[in-house]
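The residues making up each chain are set out below.
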Amino acid sequence: MKYLHLVWSALLRRKTRTLFTLLSLTAAFLLLGLLQAMNSLVAGSADFLGADRLITQARISFTQPLPMRMLPQVESVPGVTRVAHSQFFGGVYQDQRQGFPQFVVGPQRLLDVYPEWILPEEQRLAFVSTADGAIVGARLAERFGWKLGDIVPLTSFIWTRADGSRNWEWRIVGIFEGRDDEWRDRAQLMYLNYAQFDEARSPGARGLAGIFIVQVADPGMAEEVAAAVDARFENSPDETKTQAEAEFQLGFLRQFGDIGFIMNAISGAVFFTILILTGFTMSQAVRERIPELAVLKCLGFTDRAVLWLVLAEALLLCALGALAGMLLASAVTGALPPDFPPLRTDLRVWAFAGVSVLALAAAVGLPPALRAMRLRIVDALAGR
Amino acid sequence: MAVDGAAAVPAPLVRIRGVTKAYVRGKQRIEVLHGIDLDIPDGDFVALMGPSGSGKTTLLNLIGGLDSPSAGELTVAGERIDALSGEALAHWRAETVGFIFQSYNLMPVLSAQRNVELPLLLTAFGAGERRRRARLALALVGLDDRAGHKPSELSGGQQQRVAIARALVSDPRILICDEPTGDLDRKTADEVLTLLQLLNRRFGKTIVMVTHDPKAADYAARTVHLDKGSLVDAPAAGH
Chain F
1 MKYLHLVWSA
11 LLRRKTRTLF
21 TLLSLTAAFL
31 LLGLLQAMNS
41 LVAGSADFLG
51 ADRLITQARI
61 SFTQPLPMRM
71 LPQVESVPGV
81 TRVAHSQFFG
91 GVYQDQRQGF
101 PQFVVGPQRL
111 LDVYPEWILP
121 EEQRLAFVST
131 ADGAIVGARL
141 AERFGWKLGD
151 IVPLTSFIWT
161 RADGSRNWEW
171 RIVGIFEGRD
181 DEWRDRAQLM
191 YLNYAQFDEA
201 RSPGARGLAG
211 IFIVQVADPG
221 MAEEVAAAVD
231 ARFENSPDET
241 KTQAEAEFQL
251 GFLRQFGDIG
261 FIMNAISGAV
271 FFTILILTGF
281 TMSQAVRERI
291 PELAVLKCLG
301 FTDRAVLWLV
311 LAEALLLCAL
321 GALAGMLLAS
331 AVTGALPPDF
341 PPLRTDLRVW
351 AFAGVSVLAL
361 AAAVGLPPAL
371 RAMRLRIVDA
381 LAGR
Chain X
1 MAVDGAAAVP
11 APLVRIRGVT
21 KAYVRGKQRI
31 EVLHGIDLDI
41 PDGDFVALMG
51 PSGSGKTTLL
61 NLIGGLDSPS
71 AGELTVAGER
81 IDALSGEALA
91 HWRAETVGFI
101 FQSYNLMPVL
111 SAQRNVELPL
121 LLTAFGAGER
131 RRRARLALAL
141 VGLDDRAGHK
151 PSELSGGQQQ
161 RVAIARALVS
171 DPRILICDEP
181 TGDLDRKTAD
191 EVLTLLQLLN
201 RRFGKTIVMV
211 THDPKAADYA
221 ARTVHLDKGS
231 LVDAPAAGH
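Protein sequence lines correspond, in order, to chains F and X.
Letter by letter, the first sequence follows residues 1 to 384 of my numbering.
Letter by letter, the second sequence follows residues 1 to 239 of my numbering.
I should point out that these hints are in silico values taken from the structure, not numbers from a laboratory.
All of these numbers come straight from a predicted model, not from anything done at the bench.
Note that CB positions come from ideal geometry on N, CA and C, so glycine has one too.
Hints may be right or wrong, so weigh each one.
[To be verified] As a list, the in silico BS3-like pairs of lysine-lysine whose alpha-carbon atoms are at most 27 Å apart:
id, chain 1, residue 1, chain 2, residue 2
1, X, K228, X, K215
2, X, K228, X, K27
3, X, K228, X, K187
4, X, K150, F, K2
5, F, K15, F, K2
6, X, K150, F, K15
[Said to hold, decoys possible] Okay, the calculated beta carbon distance ranges per label pair:
id, chain 1, residue 1, chain 2, residue 2, range
7, X, T123, F, N264, 44 to 52 Å
8, X, S152, F, Q284, 50 to 58 Å
9, F, K15, X, Y23, 36 to 44 Å
10, X, S68, F, K15, 55 to 63 Å
11, F, A51, X, G86, 56 to 64 Å
12, F, L358, X, S152, 31 to 39 Å
13, F, A265, X, S68, 30 to 38 Å
14, X, T123, F, R287, 27 to 35 Å
Produce the complete structure using the sequences and hints provided.
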């Protein structure tokens, strides 16, 4: 700590240059923070999912439906306790920009395998017994101001009714809440009763489900159960692929591209740009101070002490810029409207920023620090 | 005021025997000091004089532990500094030597007080003690009222006095002065030299000063002349 003022004063030697470098670092870490918050959201989007649930989909693709007649066969596989089914509805409410996910489900089965959703008993019964019933997450209800009994018109870009129309109407019979903060944040979807859906859709599509959600008795045996389910349908017209729910979720996101890779690639480009800029600043700052560093050595500072002083200067510069950028990123993610994805600069993002600061400080500080360490006093004082 | 010639004093603080210094520039080896023998007793004030290129700054750098001889023995304050490693030499400098340069070499962004405190950062003193000692050193050079000023806010003479305070603050045994008045006008130079003389006479500091200026050399107790890398008229004390 006693060297802090020495390090600090070195940064203040050229105030304008330091200010602009700090602003660049702040902008870079703001971007880095937001990108990594997005990355963290994607990476963490499956963390909360239960380890006791598997998803069975068609082997070819999850867009390929599976016949409902397979459900009892899946249910009979040893180790399976319950099976639910789900079908992506792909509905648009009022405006395409107001997107939210809807799934057609068997109400009782769905609520049995997802105890994380909390729904009053009378609403549960209403969902089970209302053919055109729908339940919505509390966040979604807040967003659109929906209440029980409201009719929600949806236009499906996937499913047509038997009469050729794509317009469907659903009656809100329940509003569910998440069990904990994680699930409460995710109460932004809508479940639709399979009864109306299957009866009203075009005859050729009836009796089909998108995926099966398989609850297993022992999460430790999930892999064996998944293999047993797939083995049951091997060489049949409807071969299956069963995997952990978290894995399925990530696979679903990857269909839009490897988001993690894209985010990291952009972060890498930002990091590289700032590395060049800060590296240039640090090199110039040290080059200007060669005689001063030589004087420090005259006074008894060892070569290693001078090396650490320059490295500390690089670290302080990077850390200040990063802190400002990350605080801004936190402010931005905190101020996002509720209909935006729940971006957060969580511990994972801060840790990423911390490691980036260390790597950046080492990369930009080490070359001038080594130069400072190696400089010969008599040459430096003589201006050689 | 000054006395030319060797003074009879007890034990040498600096003992130089057969010291040679050579530099290699490309394929050429240039010997700038040729087998120097010199003793500087404790409490002496020696002026090193000679024409440009005579090797006086090189000799000063060797005595101050800023450079190592190519051959010979160099003992300062009982330590064979020619045999010390780079790190040990740095520690030795911090404890034993104070440096005063022609161009002051103060840190421009630090106040006078902070500049003087610099050598104390290498000690175990706490912040309060460092401040107190730096104030004392500044008071000794008559600048305690300018402690908060940065070098750019001080005159050349004042900057050199801050540099002297910095050299003194860790109470070194020997002060190495490289043309300390080279950038100063006559009047200010005399003030600085009087101050050095005071440090030598009243506080017993051993001073080795390189100068071109015969008037500056007059303030020293004796003068040693170098020419073309050899001593001209001052054999090692005790020889």
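Would you mind confirming whether the straight-line C-alpha gap from K15(F) to K2(F) stays at or under 27 Å? holds, 22 Å
For the pair K15(F) and Y23(X), does the Cβ-Cβ distance stay inside 36 to 44 Å? holds, 39 Å
Starting from the range 55 to 63 Å, see whether the pair S68(X) and K15(F) falls in it by beta-carbon distance. violated, 39 Å
Pairwise hint evaluation, K215(X) against K228(X), where the allowed Cα distance is 27 Å at most: holds, 22 Å
Check the following: the C-beta atoms of T123(X) and N264(F) are separated by a distance inside 44 to 52 Å. holds, 47 Å
Compare the distance between the alpha carbons of K150(X) and K15(F) with 27 Å, and conclude whether the hinted pair is satisfied. Judged against 27 Å, a Cα distance of about 16 Å means the pair holds.
Against the 27 Å threshold, does the CA-CA distance of K228(X) and K187(X) hold or violate the hint? violated, 32 Å
Outcome of range test on Cβ distance (T123(X), R287(F); 27 to 35 Å): Check passed, 30 Å falls within 27 to 35 Å.
27 Å limit on alpha-carbon distance, applied to hinted pair K228(X) and K27(X): holds, 21 Å
Per the hint of 56 to 64 Å, is the separation of the Cβ atoms of A51(F) and G86(X) within bounds? Since A51(F) and G86(X) have Cβ atoms about 59 Å apart, the given range 56 to 64 Å holds.
Cβ distance range 31 to 39 Å for L358(F) and S152(X), holds or violated: holds, 36 Å
Would you mind confirming whether the straight-line C-alpha gap from K150(X) to K2(F) stays at or under 27 Å? holds, 20 Å
Against the hints set out earlier in the document, violations occur for numbers 3, 8, 10 and 13.
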